[in-house]
Amino acid sequence: MLVEESIRSAISSIKTNGVRSFLTALAIIIGTAAVISVIGIGSSAEKALEASIDDLGPRTLSIFPSQRKRGGIASGFNPLVIKDAEALAKNNEHNWLIAPAMSGNRQIKYKNSNMNGEINGYLPVNFEVRGFDIGSGRLFTEKENLGRKRVIILGSKVPGELKTSAREILNKDILIAGTSYTVIGVLKEEGSTGWQNPDDDLYVPLLTAAQRIFGTDRLGWINVGISNDTNVDYVMMTIEQILRQKHDIGPGGENDFRINDWSQFSDLRRQATGIFTALIAGIAGISLIVGGIGVMNIMLVSVTERTREIGLRKALGATQKSIMMQFIIEAVLLCILGGLLGIFIGVSLLYLFTSLNDWIFYMPLSAVFGSITFCALVGLFFGIWPAKRAAKLDPAVSLRYE
Amino acid sequence: MIIKTEALTKHYQVGSEKVEALKGITFSVERGEFISIMGPSGSGKTTLMNIIGCLDTPTNGTYFLNNKPVSELTDDELAHIRNDEIGFVFQSFHLLARNSALENVMLPLKYAGENKKNAIIRSNEALDKVGLSDRSSHSPSELSGGQQQRVAIARALVNKPSILFADEPTGNLDSKTGEDVMNLFKELNDNGQTIILITHEDSIAQQSKRIITIMDGLIKSDIKE
Ligand SMILES: Nc1ncnc2c1ncn2[C@@H]1O[C@H](COP(=O)(O)OP(=O)(O)O)[C@@H](O)[C@H]1O
Ligand SMILES: [Mg+2]
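Chain order of the listed sequences is A and B.
Read in our numbering, the first sequence has 381 at position 381, and its numbers run on one by one without any break.
Just add 402 to wherever you are in the second sequence, counting from 1, and you've got our numbering.
Because the hints were derived from the structure by calculation, they are not lab data.
On a predicted model such as this, the values are computed, not experimentally measured, just so you know.
Glycine included, C-beta positions come from ideal geometry on N, C-alpha and C.
Hints should not be assumed to be uniformly reliable.
Taking lysine-lysine pairs in the DSBU-like style, the calculated list, with each CA pair at most 35 Å apart, reads [to be verified]:
1) B:470 <-> A:321
2) A:47 <-> A:149
3) A:388 <-> B:519
4) A:321 <-> B:611
Cβ pair distances, simulated, as ranges [stated by the list, open to error]:
5) B:618 <-> A:377: 50 to 56 Å
6) B:589 <-> A:16: 34 to 40 Å
7) A:4 <-> B:582: 33 to 39 Å
8) B:478 <-> A:357: 57 to 63 Å
9) A:380 <-> B:475: 27 to 33 Å
10) B:536 <-> A:361: 52 to 58 Å
11) A:283 <-> B:478: 42 to 48 Å
12) B:530 <-> A:361: 58 to 64 Å
13) B:533 <-> A:365: 39 to 45 Å
14) A:388 <-> B:618: 34 to 40 Å
15) A:377 <-> B:617: 53 to 59 Å
16) A:380 <-> B:617: 37 to 43 Å
17) A:377 <-> B:442: 50 to 56 Å
18) A:377 <-> B:466: 43 to 49 Å
Listed next, the stretches of chain B that the computed footprint assigns to chain A, with coverage defined by at least 3 CB atoms under 8 Å from CB atoms of chain A [said to hold, decoys possible]:
19) 460-466
20) 486-495
So here's chain A without its partners, still in its complex pose:
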């Protein structure tokens, strides 16, 4: 019953001095809000990153064209071409999926609507490598690719851009630079990967794109889908071998392409986000400690103000321990309430941030419980001294206190 009465006394004391309690807890509130939103943003970023890695299929390497240097001097640019991709695809040493692609922006017209969209030349296998699923209609076939057919698949947001719906535009024609293409499918919503938004793009067969739209066999990149248990170094070596041979690069010559391992890249990015999150959270944590000093200060004031009450409680039989408990509970409660308010604000900020940026909202519960526990510990630590002072008050003197 004593604990219950201590909690009730603490609540009523915090309520009675509402404004003062709020101002005291302000640093705690701000600190917790900062910790929570920063950790939340960091975690959401990581989630987005994970999602984008998942988007790339099990594991993807990307080959990009790059400048070839001879004797340290940049000497032109040897493009990646469709034949390179075919050479890679012919190799059956590895169980890999070769997904060459080219892309460019074109004006697109449907009825009276216009839009500028990124058109990608894909093979059917590209969709598998990127993990894209068809929402309505169908994917194009290898036969349509070889026949340079004028068929097109839309990202999920494209019908909206063209002021129509997926259902309505399916099997209709749209115009790309005056030539008509039949919409055979619309993708499911894939979500932004952070640096690309597949929902806004359009997809035609690679050979159609090469011949009819871009008029070139130069590729933007080649994605290589590999399973997770593949030896990446060995795969990279094979790619190098094949492409160097194709590009006539002799021994000692530098590559005119580069190979990105996305998972490596995202590991780095994840590490960087992690360090950044820890840094900001640490700074915010310091503000919690500063908040704790404020709480200690106000608790000392509270002890002085309530000297007579403490004297009375002692006269009625309160031991030092029970007086200490009362004031520690008050300090801890003040910090916990501040923490709860801070969490509420932090989560709201995170929600705002993620919805504005089209991110997944993700708040690790461990961070919520962790920061509440930390607030309670701050209250406990900084409440001890004032509480001790209250407990040590001489009852005879306290009762005389005016």
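Keeping the supplied structure of chain A fixed, place chain B with the ligands upon it in accordance with the hints.
Below, chain B with the ligands alone, put in the same frame as chain A:
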């Protein structure tokens, strides 16, 4: 004998000056007595009450409460004795403003570790004894001065103390309500409650059964009815 003191002294150091608030108090109290400790302001009455009420310890001298020596007990042991054996009534009531009358009366039982159900029953009984059972949910600010003092008396009685101390209990009351409170004390004493009343007013002191007068920290007279 409930109380037996021998040559109690209490000295305070105020700056460089030594104040001798009590200079050697020897007296004893039997169960069921109704005593007034009377004297002018500053004579040492409150200091004496604090010591025999176990709120303070003497500088010198010995003090037996219920035949147990008290002078050498620790803070927490004194707290338990105050909770168990002693009830206090103060001039300025000392009620917790944010709590109801009932909660104020329950406070000593909380420190005694009584369970809530029993505490409520016993507190209501105590409020009934002082005639305030219908005011149990009122907060102090909703009660008159006389009612507040009676809540404080109920709180002092709720643990069935061996001694009830009252330091100028009518000092903040008008003469009519002061009279009511005095009548309540008499009634309690008639039912066997030992009471030590502290006052500087002769008219109040005259209503008790024994008057101890102190002056400058010494007993000047000790007169039984
Ligand atoms: N804590 C204290 N420190 C210093 N002097 C005190 C203290 N308490 C009481 N005194 C002094 O002791 C004397 C007796 O005080 P008190 O017992 O309150 O008298 P009364 O209750 O009879 O008015 C006074 O001179 C008072 O100033
Ligand atoms: Mg006095």
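Hints, verified against the model:
Of the supplied pair hints, the one linking residue 470 of chain B and residue 321 of chain A holds, its CA atoms being roughly 24 Å apart against a limit of 35 Å. Between residue 47 of chain A and residue 149 of chain A the alpha-carbon distance is near 38 Å, which puts this suggested pair outside the 35 Å criterion. Straight-line distance between C-alpha atoms of residue 388 of chain A and residue 519 of chain B comes to about 31 Å, which keeps the hinted pair within the 35 Å bound. Annotation: proposed proximity of residue 321 of chain A to residue 611 of chain B is violated, straight-line Cα distance about 40 Å (limit 35 Å).
Distance hint check for residue 618 of chain B and residue 377 of chain A: the Cβ-Cβ separation is about 54 Å, which falls inside the suggested range of 50 to 56 Å. Separated by about 37 Å at the C-beta atoms, residue 589 of chain B and residue 16 of chain A satisfy the suggested range of 34 to 40 Å. One distance hint, 33 to 39 Å for the beta-carbon pair residue 4 of chain A and residue 582 of chain B, holds here, with the actual separation near 34 Å. Checking the proposed 57 to 63 Å range against residue 478 of chain B and residue 357 of chain A shows it holds: the Cβ atoms sit about 59 Å from each other.
Evaluation of the 27 to 33 Å hint for residue 380 of chain A and residue 475 of chain B yields a pass: the beta carbon distance comes to about 30 Å. Between residue 536 of chain B and residue 361 of chain A the beta carbons are some 56 Å apart, a value that agrees with the proposed interval 52 to 58 Å. Evaluation of the 42 to 48 Å hint for residue 283 of chain A and residue 478 of chain B yields a pass: the beta carbon distance comes to about 44 Å. Checked against the given bound of 58 to 64 Å, the beta carbons of residue 530 of chain B and residue 361 of chain A, roughly 59 Å apart, stay inside it.
Take residue 533 of chain B and residue 365 of chain A: their Cβ atoms lie about 56 Å apart, and the range 39 to 45 Å is violated. For residue 388 of chain A and residue 618 of chain B, the Cβ-Cβ distance of about 37 Å falls inside the hinted range of 34 to 40 Å, so the restraint holds. Here the CB-CB span from residue 377 of chain A to residue 617 of chain B is close to 56 Å, well matched to the stated 53 to 59 Å. Taken as a hint, the range 37 to 43 Å is violated for the pair residue 380 of chain A and residue 617 of chain B, whose Cβ atoms sit roughly 51 Å apart.
In this structure, residue 377 of chain A and residue 442 of chain B meet the distance hint of 50 to 56 Å, their C-beta atoms being roughly 54 Å apart. Taken as a hint, the range 43 to 49 Å holds for the pair residue 377 of chain A and residue 466 of chain B, whose Cβ atoms sit roughly 47 Å apart. Three residues within the 8 Å Cβ limit are the bar, and the stretch 460-466 of chain B against chain A gives 0, so the coverage statement is violated. Only residues whose C-beta sits within less than 8 Å of a C-beta in chain A count toward coverage, and the stretch 486-495 of chain B has 3 of them, enough to reach three; the restraint holds.
When each numbered hint is compared with the structure, violations occur for hints 2, 4, 13, 16, 19.
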